[in-house]
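**Student:** Next come the chains, spelled out residue by residue.
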Amino acid sequence: MIEAPPEEPRELNAAADYVRVELVSRGFDTKRGRVQALAEMSLRARAGEVVAVVGPSGCGKTTLLELICGLQKPDSGTVRAEPAALMPQRDLLLPWLTAIDNAGLSLRARGVSRDEARRTVAPWLERFGLARFERTRPAELSGGMRQRVSFLRTLLAGKPVLALDEPFASLDAITRQEMQGWLAHVLASEPQTVILVTHDVEEAVMLGDRVVVMSPRPGRTVSEIEVTLPRPRRRTDAAVVELRERALAALGVGT
Amino acid sequence: MRRARRVLPAALLLLALIGMWELYVDLKGPTFSLILPPPHQVAKALYDDRSLLWSSFLVTAQEVLLGILLATVLGVVLSVAIHFSPTLRRATYPLIVASQAVPVAVFAPVLAFWLGFGILPKLVVVAIVSFFSIVVATTAALATVDPDLLKLMRTFDASRLTTFRHVEFPSALPGVFTGAKIAVAVSVIGAVFAEYTGSNSGLGYVILVSEPQLLVARGVAAVVILSLFAIALFSLLALAERLALPWAYRPREEHPA
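If you read the sequences in order, they're chains A and B.
Quick note: the first sequence uses my numbering, first residue 1, plus one each step.
Quick note: the second sequence uses my numbering, first residue 256, plus one each step.
I should point out that these hints are in silico values taken from the structure, not numbers from a laboratory.
Note that the structure is a prediction, hence the values are computed from the model and not measured.
The beta-carbon is built from N, C-alpha and C at its ideal position, and this holds for glycine as well.
Some clues are possibly wrong.
Unchecked claim - Quick partial rundown of chain B residues pointing at chain A, CB under 10 Å, derived from the structure: (1) 409; (2) 425; (3) 426; (4) 484; (5) 487.
To be verified - One side of the interface only, derived from the structure: several residues of chain B facing chain A at Cβ under 7 Å: (6) 275; (7) 403; (8) 413; (9) 502.
One chain only, chain A, in its complex shape (with noise of 0.2 Å):
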């Protein structure tokens, strides 16, 4: 079940459960039979909680984000979540499209001129540190540029939760460890209800509030792992190396 929007202006009430996840089933049928990808799976997130899901291949974290984001209906079980915008795993940039006005899709989904909501994209860009290619189209640009357009198509949708499904899974690794801490930079100056889904259990590590270990196919979370290290936080640090670990260890994954 998906809830309207608030009627008061937003603003990050801790207090507040911005999406509610409770006991929820999902399956499909295939050719090969059915497929139970979530089996009660239950998960919240509190306004402003960046909370980091990890799980190993398949084990239905895309569907997770695809329910919180009101694509999907539950088998059983419910969800209650403010409204999501989703970051997919793949950019998703239209070819055509120059980066300003990528980043700017998700304002003319809504109606807005593309005049105006060049207007609005202009600044983020700039603070994104991608002014310079503005009129540049996704094919010319890196996969960390890339991946910087689509979250920022993302966050200006406007809406109170970000879903992120394996945002930096496809870049190599020292690109992927850059946007890490660039998006570690921009949640601690532009605070945000997010579901980060991820496999990569250091990222979760170093971007969550929160980690929910999900367990393999059908999905469930088999633990939850309050991350209260201050930020910015350094990979190498001795408290984010035991986390990792012992995200890990839930993982069943030994070390």
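Use these hints to put chain B onto chain A, whose structure you have.
**Tutor:** This is chain B only, laid out in the frame that chain A set:
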């Protein structure tokens, strides 16, 4: 230099085929050349009849260009309608396929009866034969838009129409060009057959009247021009696509996975 090396294989093959043709007609004797004239006679006809062939070419080229344009406009409109209505798709697709199986020569007289002997019935014939590939390629392009992209637009609260305008329609444009390029060859054939019925101009008319007048070389010269025209039109469409949709063009070497 590299360009020369690229066209060299095609040029050599063409020369070899022309040489074999010349030799073959030579071996068969002079009577056979009334059925299939040797290349040097065709070349002579191309030169001697150049003013007739040129004015005829202009007529046929106009029919083909306008016919493809008409087919493109109607084809895109129908493809969009089909995209929005599965019922319409089920209703029209069998008819569109069937329209391809009807030999042009059969309905050309009917069109002449309805539309007279001017350029209009020729346009309609060219449009009918071109329509199929344009509709098939465009509907396919509309139907294969990345479903994840459509989901994304839904999370941005985009209406069906907004998604169509910003995402589906632009991504289907390369399909329109593909359909038009495929249509080039059949549209030329269509124009020729349309001119067989009720016309007194165009390269099809030249072909039709050359044979009974024992001017076979002139007829073959007209065919040569039609072939060159098809190549030129195809290349022109490819060029137009690259200029209009540069984002859809990828050099073969760096095709992304």
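**Student:** Each hint should be assessed against the structure and marked as holding or not.
**Tutor:** Here is how each hint holds up against the structure:
Restraint check, residue 409 of chain B versus chain A: the minimum CB separation of about 6 Å is within 10 Å; hint holds. Evaluation of the residue 425 of chain B hint against chain A yields a held restraint, the C-beta minimum of about 5 Å falling below 10 Å. At a threshold of 10 Å, the smallest CB-CB gap from residue 426 of chain B to chain A is about 8 Å, leaving the interface hint in force. The interface hint given for residue 484 of chain B is violated, since its Cβ lies 31 Å from the closest Cβ of chain A, which is over the 10 Å cut-off.
Taking 10 Å as the C-beta contact cut-off toward chain A, the hint placing residue 487 of chain B at the interface is violated, the least distance being around 27 Å. Given hint, residue 275 of chain B at the interface with chain A, is violated; its Cβ is 46 Å from that chain's nearest Cβ, farther than 7 Å. The interface hint given for residue 403 of chain B holds, since its Cβ lies 6 Å from the closest Cβ of chain A, which is under the 7 Å cut-off. Interface restraint check: residue 413 of chain B against chain A, minimum CB-CB distance 4 Å, threshold 7 Å, status holds.
For residue 502 of chain B, the interface hint holds, since its Cβ comes within 7 Å of a Cβ in chain A; the closest pair sits about 4 Å apart.
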